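J.: Next come the chains, spelled out residue by residue.
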Amino acid sequence: MSVAINRLPRVEAQEPSGEFDVLKARSDFPILETRVHGKPLVYLDNAATSQKPQAVIDALTSYYTRENANIHRGVHALSELATEHYEQARAKTQRFINAADPSEIIFVRGTTEGINLVAQTYGRTHIGMGDEVIISGLEHHSNIVPWQILCGQQGARLRVIPVNDAGELLLDEFEKLIGPKTKLVAIAHVSNALGTIVPLRRITDVAHQMSVPVLVDGAQAAPHLQIDVQELDSDFYVFSAHKMYGPTGVGVLYGKRRLLDAMPPYQGGGDMISSVTFEKTLYNKLPYKFEAGTPDISGAIGLGAAIDYLNEIGLDRIAAHEHELLVHATEALSAIPGVRLIGTAKQKAAVVSFVLENVHAHDVGTILDQEGIAVRTGHHCAQPLMQRFGVEATARASFALYNTKEEVDALAAGVQKVREVFA
Amino acid sequence: MADLRELYQEVILEHSKAPRNYRELADRAQKAEGYNPLCGDHFTVYIELDSGDPEKGRIRDISFQGSGCAISKASASMMTQALKGKSRAEAEELFDRFHKLVTGKLAPGNAQADLGKLSVFAGVSEFPVRVKCATLAWHTLRAALDGQKEPASTE
Numbered sequence: 001m002s003v004a005i006n007r008l009p010r011v012e013a014q015e016p017s018g019e020f021d022v023l024k025a026r027s028d029f030p031i032l033e034t035r036v037h038g039k040p041l042v043y044l045d046n047a048a049t050s051q052k053p054q055a056v057i058d059a060l061t062s063y064y065t066r067e068n069a070n071i072h073r074g075v076h077a078l079s080e081l082a083t084e085h086y087e088q089a090r091a092k093t094q095r096f097i098n099a100a101d102p103s104e105i106i107f108v109r110g111t112t113e114g115i116n117l118v119a120q121t122y123g124r125t126h127i128g129m130g131d132e133v134i135i136s137g138l139e140h141h142s143n144i145v146p147w148q149i150l151c152g153q154q155g156a157r158l159r160v161i162p163v164n165d166a167g168e169l170l171l172d173e174f175e176k177l178i179g180p181k182t183k184l185v186a187i188a189h190v191s192n193a194l195g196t197i198v199p200l201r202r203i204t205d206v207a208h209q210m211s212v213p214v215l216v217d218g219a220q221a222a223p224h225l226q227i228d229v230q231e232l233d234s235d236f237y238v239f240s241a242h243k244m245y246g247p248t249g250v251g252v253l254y255g256k257r258r259l260l261d262a263m264p265p266y267q268g269g270g271d272m273i274s275s276v277t278f279e280k281t282l283y284n285k286l287p288y289k290f291e292a293g294t295p296d297i298s299g300a301i302g303l304g305a306a307i308d309y310l311n312e313i314g315l316d317r318i319a320a321h322e323h324e325l326l327v328h329a330t331e332a333l334s335a336i337p338g339v340r341l342i343g344t345a346k347q348k349a350a351v352v353s354f355v356l357e358n359v360h361a362h363d364v365g366t367i368l369d370q371e372g373i374a375v376r377t378g379h380h381c382a383q384p385l386m387q388r389f390g391v392e393a394t395a396r397a398s399f400a401l402y403n404t405k406e407e408v409d410a411l412a413a414g415v416q417k418v419r420e421v422f423a
Numbered sequence: 424m425a426d427l428r429e430l431y432q433e434v435i436l437e438h439s440k441a442p443r444n445y446r447e448l449a450d451r452a453q454k455a456e457g458y459n460p461l462c463g464d465h466f467t468v469y470i471e472l473d474s475g476d477p478e479k480g481r482i483r484d485i486s487f488q489g490s491g492c493a494i495s496k497a498s499a500s501m502m503t504q505a506l507k508g509k510s511r512a513e514a515e516e517l518f519d520r521f522h523k524l525v526t527g528k529l530a531p532g533n534a535q536a537d538l539g540k541l542s543v544f545a546g547v548s549e550f551p552v553r554v555k556c557a558t559l560a561w562h563t564l565r566a567a568l569d570g571q572k573e574p575a576s577t578e
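Those protein sequences? They're chains A and B, same order as listed.
Letter by letter, the first sequence follows residues 1 to 423 of our numbering.
Letter by letter, the second sequence follows residues 424 to 578 of our numbering.
Rather than coming from a laboratory, the hints here were simulated on the basis of the structure.
Small disclaimer: the values here were computed from a predicted structure and weren't measured.
Any given hint could turn out to be false.
[What the hints assert, rightly or not] Across the chosen pairs, the derived CB separations fall in these ranges:
| id | chain 1 | residue 1 | chain 2 | residue 2 | range |
| --- | --- | --- | --- | --- | --- |
| 1 | A | Gly268 | B | Pro460 | 29 to 37 Å |
| 2 | A | Leu170 | B | Lys540 | 49 to 57 Å |
| 3 | A | Gly268 | B | Asp476 | 54 to 62 Å |
| 4 | A | Asn164 | B | Glu471 | 43 to 51 Å |
| 5 | B | Ser576 | A | Gly38 | 33 to 41 Å |
| 6 | A | Leu170 | B | Arg443 | 41 to 49 Å |
| 7 | A | Asp21 | B | Lys523 | 51 to 59 Å |
| 8 | B | Val552 | A | Gln416 | 16 to 24 Å |
| 9 | A | Gln148 | B | Glu478 | 38 to 46 Å |
| 10 | B | Glu433 | A | Gln416 | 14 to 22 Å |
Yeah, the Cβ is synthetic: ideal placement off N, Cα and C, and Gly gets one too.
With the hints as constraints, model all of the structure from the sequences given.
T.: Okay, structure coming up:
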């Protein structure tokens, strides 16, 4: 049984005022007090997952303490309360990315599930033998493999936009690749391995001129940039809560209404139906058509709390703060002999990937870990991209709103220590 | 709290910078590939037995090629040194003891002493994430002895 969504009154976001106070923000994140190997935690692995503010932790605890019930199906008070909060989270998400309608917001498990959903529903009904899907050389495996699987199923072909030495997409090559056989472009907004910010508007314009829809992997964009799906004119946009200060287990698939309406269901089960008999089953309307079974209710509510938290601070201020960290980190690491930065695009989010001469990334990571510094080392689920740059693995530092210049200095000192060990 | 110096000992660093037996063997040698997908360590181990009978023969020559982190490379290098002239049974037994060493299951004392130079890897037991680095070459060696076609993995 579907429930009418409570239309929330339009609340004008408070314009956050004054300088961003990073120390105040840090105090919102209890885990930052942790010590690792006897040293203060310097958490620079935010592209893998972000830490959570107390407000989000409290929202989860509050849900299980005072609000927990299954949604959409009950007439009792707790069920109504849980439903209201779950649907409020949907409305918050709608406003967060400026979607036209809350029914265009589908809660899924994460970016990966969102992409698989589109591949197996939109993809299976619109992409056929001899058709082409365009992705880029920057992509995370989650925006490669679902398309490989689809192309294998349908007899379609995967084409890849090449990347230059700075980690930027070669747009001229994209314009050559796209053609009458192209049925979809699937592209990252921000590269998780290199930090490159992709010129989405331009790519979408080119694609739309040829009537090709665009799916955007926004997992690494959501914590760093203001997303406006109407302004971007994205046909599909996916992102994960856990990368943007929300809990793991929930993410969002945004799709234009007319596209979602034309797609068959992904998973069958409870809630995505309006009536079931053994002879015939009628599917529910959007968004419920794509939300089978009991969802991650607390997760969605936690995502809503994360959105509230970000809105209070203001993404513009966060972006400005993170950009300073990026500049500082780029300067500090470039100055260390033997360090080569991988990913030097003109437009970048606060991610710095690097290799250290004669030292494997794994060893860099272990020694930094001993200093309390958490970075990611490896292929970052982007093996084709690593291969393109001729490296097996990089060390990656990725920043969030609570990181400081002092932490960047600690990272640089840590890398110097690695050099000493291997001298 | 583990000390980095226990992991990155002089000997290990030295072997990783200048690995011993770092070459291919002739075509008639048995070889196997090993790969740690989590970090990209990738090695090929070559062995030549002095007899057609794998149960009785001794390792006449052993070498390796590939790339990986300092721990994996040093382990491969020191493994090739330790296994020259050993029989298959002796190699297996050494692997078993080495594995116990790096997973912290070997008491100090004679057992550790029997490992000779390999005992420098005792520190790995304090860094569980790196155990697979230390054992990759050994898993690969076993695959080479078995004549395994698919790459060995630490998974």
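J.: Each hint: holds or not?
T.: Consistency of the hints with the structure:
no.: 1; hint: Gly268/A x Pro460/B: 29 to 37 Å; verdict: holds (34 Å)
no.: 2; hint: Leu170/A x Lys540/B: 49 to 57 Å; verdict: holds (51 Å)
no.: 3; hint: Gly268/A x Asp476/B: 54 to 62 Å; verdict: holds (59 Å)
no.: 4; hint: Asn164/A x Glu471/B: 43 to 51 Å; verdict: holds (46 Å)
no.: 5; hint: Ser576/B x Gly38/A: 33 to 41 Å; verdict: holds (34 Å)
no.: 6; hint: Leu170/A x Arg443/B: 41 to 49 Å; verdict: holds (44 Å)
no.: 7; hint: Asp21/A x Lys523/B: 51 to 59 Å; verdict: holds (52 Å)
no.: 8; hint: Val552/B x Gln416/A: 16 to 24 Å; verdict: holds (23 Å)
no.: 9; hint: Gln148/A x Glu478/B: 38 to 46 Å; verdict: holds (44 Å)
no.: 10; hint: Glu433/B x Gln416/A: 14 to 22 Å; verdict: holds (20 Å)
The structure is consistent with each of the numbered hints, conforming to all of them.
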